[in-house]
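Taken in order, these protein sequences are the chains called A and B. The first sequence begins at 77 in my numbering and counts up one residue at a time. The second sequence begins at 5 in my numbering and counts up one residue at a time.
What the hints contain is simulated information worked out from the structure, not anything from laboratory work. Incorrect hints may appear among the rest.
[Claimed, not checked] As a list, the in silico BS3-like pairs of lysine-lysine whose alpha-carbon atoms are at most 30 Å apart:
id: 1; chain 1: A; residue 1: Lys151; chain 2: B; residue 2: Lys294
id: 2; chain 1: B; residue 1: Lys202; chain 2: A; residue 2: Lys233
id: 3; chain 1: A; residue 1: Lys189; chain 2: A; residue 2: Lys258
id: 4; chain 1: A; residue 1: Lys190; chain 2: B; residue 2: Lys178
id: 5; chain 1: A; residue 1: Lys189; chain 2: B; residue 2: Lys230
id: 6; chain 1: A; residue 1: Lys79; chain 2: A; residue 2: Lys258
id: 7; chain 1: A; residue 1: Lys92; chain 2: B; residue 2: Lys40
id: 8; chain 1: A; residue 1: Lys94; chain 2: A; residue 2: Lys79
id: 9; chain 1: A; residue 1: Lys151; chain 2: B; residue 2: Lys178
id: 10; chain 1: A; residue 1: Lys151; chain 2: B; residue 2: Lys279
id: 11; chain 1: A; residue 1: Lys79; chain 2: A; residue 2: Lys168
id: 12; chain 1: B; residue 1: Lys202; chain 2: A; residue 2: Lys190
id: 13; chain 1: B; residue 1: Lys40; chain 2: A; residue 2: Lys168
id: 14; chain 1: B; residue 1: Lys40; chain 2: A; residue 2: Lys233
id: 15; chain 1: A; residue 1: Lys274; chain 2: A; residue 2: Lys296
[What the hints assert, rightly or not] Label pairs and their calculated CB-CB ranges:
id: 16; chain 1: A; residue 1: Gly243; chain 2: B; residue 2: Cys274; range: 53 to 59 Å
id: 17; chain 1: B; residue 1: Ser228; chain 2: A; residue 2: Ser133; range: 45 to 51 Å
id: 18; chain 1: A; residue 1: Glu142; chain 2: B; residue 2: Ser108; range: 33 to 39 Å
id: 19; chain 1: A; residue 1: Glu87; chain 2: B; residue 2: Phe63; range: 56 to 62 Å
id: 20; chain 1: A; residue 1: Ser148; chain 2: B; residue 2: Ile288; range: 40 to 46 Å
id: 21; chain 1: B; residue 1: Thr171; chain 2: A; residue 2: Ser215; range: 26 to 32 Å
id: 22; chain 1: A; residue 1: Glu205; chain 2: B; residue 2: Ser228; range: 57 to 63 Å
id: 23; chain 1: A; residue 1: Glu142; chain 2: B; residue 2: Ala70; range: 55 to 61 Å
id: 24; chain 1: A; residue 1: Gln251; chain 2: B; residue 2: Leu291; range: 43 to 49 Å
id: 25; chain 1: A; residue 1: Glu87; chain 2: B; residue 2: Val164; range: 53 to 59 Å
id: 26; chain 1: B; residue 1: Val96; chain 2: A; residue 2: Lys92; range: 28 to 34 Å
Quick reminder that beta carbons are idealized off the backbone N, C-alpha and C, glycines included.
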Amino acid sequence: MEKLLEVEQVETCYGKVKALKGISFSVEEGQIVALLGSNGAGKSTSLKTISGITPASSGTVRFMGEDITRLSAHKIAARGLAHIPEGRCIFKNMTIRENLLLGAFTVSSDAEKKRAMDYVFDLFPILGERRKQLAGTLSGGEQQMLAIGRGLMAHPKMVMLDELSMGLAPIIVQQLAGVIRKLNEAGLTVLLVEQNAKMALALADYSYILSTGSIVLEGKSAELQHNSDVIKAYLGGDRK
Amino acid sequence: MSVFDIYIQQIVNGLILGSFYALIALGYSMVYGIIKMLNFAHGDIYMFGAFGSWAVFYFFANRAGAEWACLLFGVLAAMCLCAALGFLIQRVAYRPLFDAPRLSLMIVAIGVSLVLENAIMMVTNGDSVYLNLGINMTAGFRIGHVSVKWIQLVLFLIAVVVMVGLTLLINYTKWGQAMRAVSEDMNTCRLMGINANKVIALTFIIGSVLAAIAGTMNGVYYGSLKYDMGYMMGIKAFTAAVIGGIGSIPGAMLGGILLGVLEALGTQICGSAWKDVFAFGLLILMLVFKPNGIFGLSETERM
Ligand SMILES: Nc1ncnc2c1ncn2[C@@H]1O[C@H](COP(=O)(O)OP(=O)(O)OP(=O)(O)O)[C@@H](O)[C@H]1O
Ligand SMILES: [Mg+2]
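Extracted from the complex, chain A is given alone in its bound form:
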């Protein structure tokens, strides 16, 4: 399998605070990979570094074999790497339709946009029913659906999802996990960031555990699932 995303010895700082202390990991094409860790471990920072929002101070990020470490965020997005940020970050004062169209900003053909939107509405029918509604009026679960849908609008090759499960009822989390699996089966590569280890390990082929800016453990999810002592130690408590 080809490596779609490669992160090598990446360090990222916020002023004097070093949030990532030289992490390396990779995601192969077609895989679902999880990045786990407790609060403040550096999960979101990892994604922000990859997508160019908080560029690395040293190290390399490669996407499809090309160095994207110093590329601006909008150019990275245009290459087909979608980042669905923590807390959804939907545009609350805009309609669902407008949110989705913004997700397709780099798509120039109207027919393509229409097809992408139909695909999203097919995935999440509730969004289709409410397309003219302001996004801020949606429930938390619906907002997460919108965030995912918006991230899919430009036909990305890979999506990075930051805390899909945050603040959602277990039943919604399960439903969204089903969608992620379905998207993956259709060929989408996925990098999941989660505190909800149980859900992520069940979904991912391979997982990395991050603790205070360093990767402390990695392995096939199936193996890590049984290594619950380690997970307890690094994820700060049992999260079942």
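The hints should help you fit chain B with the ligands onto chain A, whose structure is shown.
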């Protein structure tokens, strides 16, 4: 003429003044919405627009062109000039400071404002210049006891058309939607593949073009221009933007019109010496009792 008619007359006069305020307030408000800075140089871009169209008007008028055609060239030239100026200012003076505290940006904006004012002061020796279109400024019609001049009607309609156009642009075009989205959440926009710097530049360009239109209209209406004309206008436009809710586009339009009308009525009641006191009194009242303005969003941080 009854007292009632006098007030109606003042409202008519206030509407035209208010439409100038609104056009300038829009630039203020849009820039604030996008990068949360108060562009104190905006009033001077308006002043540049007024002088730009004046200069181009006389360049052609002195070579015997039809007045209306010269004025059309003048306003188009001023729009281009201000678009370039607005773009250049944000690129050279502001962009390097986008990540700095907002206070630094505002101090730079004050600096830019002084540079622009002094440049025109040097060119004009600090004197007023006059714009005479050779049209009858007092011609008009009456509705009952209230008189409306043609020039007022035409300028007001132009302002309305420009504002409707802007509203359509912001709501229904791809880049307009991007502008609204950037004002909500810039980093998320970048994740959508939107070049935020381009959106910021576009915002400055649109705001400056509106200022150029307002500058030309003001020159036509009052017939005289001076290097410091942007100073008070900038503060009034800022007041209008605050009244409407800074960052809000319909707010800037409504705030401008409202300020113009209230100022005209206030002048009628208290005398013209009180004109500015009235506007700034309103600003203070607004900041104390309704700091988010009429259409303002409550979560935005204010400076
Ligand atoms: N904008 C910022 N400025 C300064 N420090 C930051 C900033 N963002 C994050 N940090 C710090 O970097 C470290 C990693 O933060 P990060 O948000 O990546 O953690 P996380 O693993 O996503 O945590 P959570 O599970 O709570 O979302 C933390 O110590 C945090 O305080
Ligand atoms: Mg996080």
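To test your reading of the hints: which numbers does this structure violate? The structure conflicts with hints 1, 5, 10, 11, 14 and 17, although it agrees with all the remaining ones.
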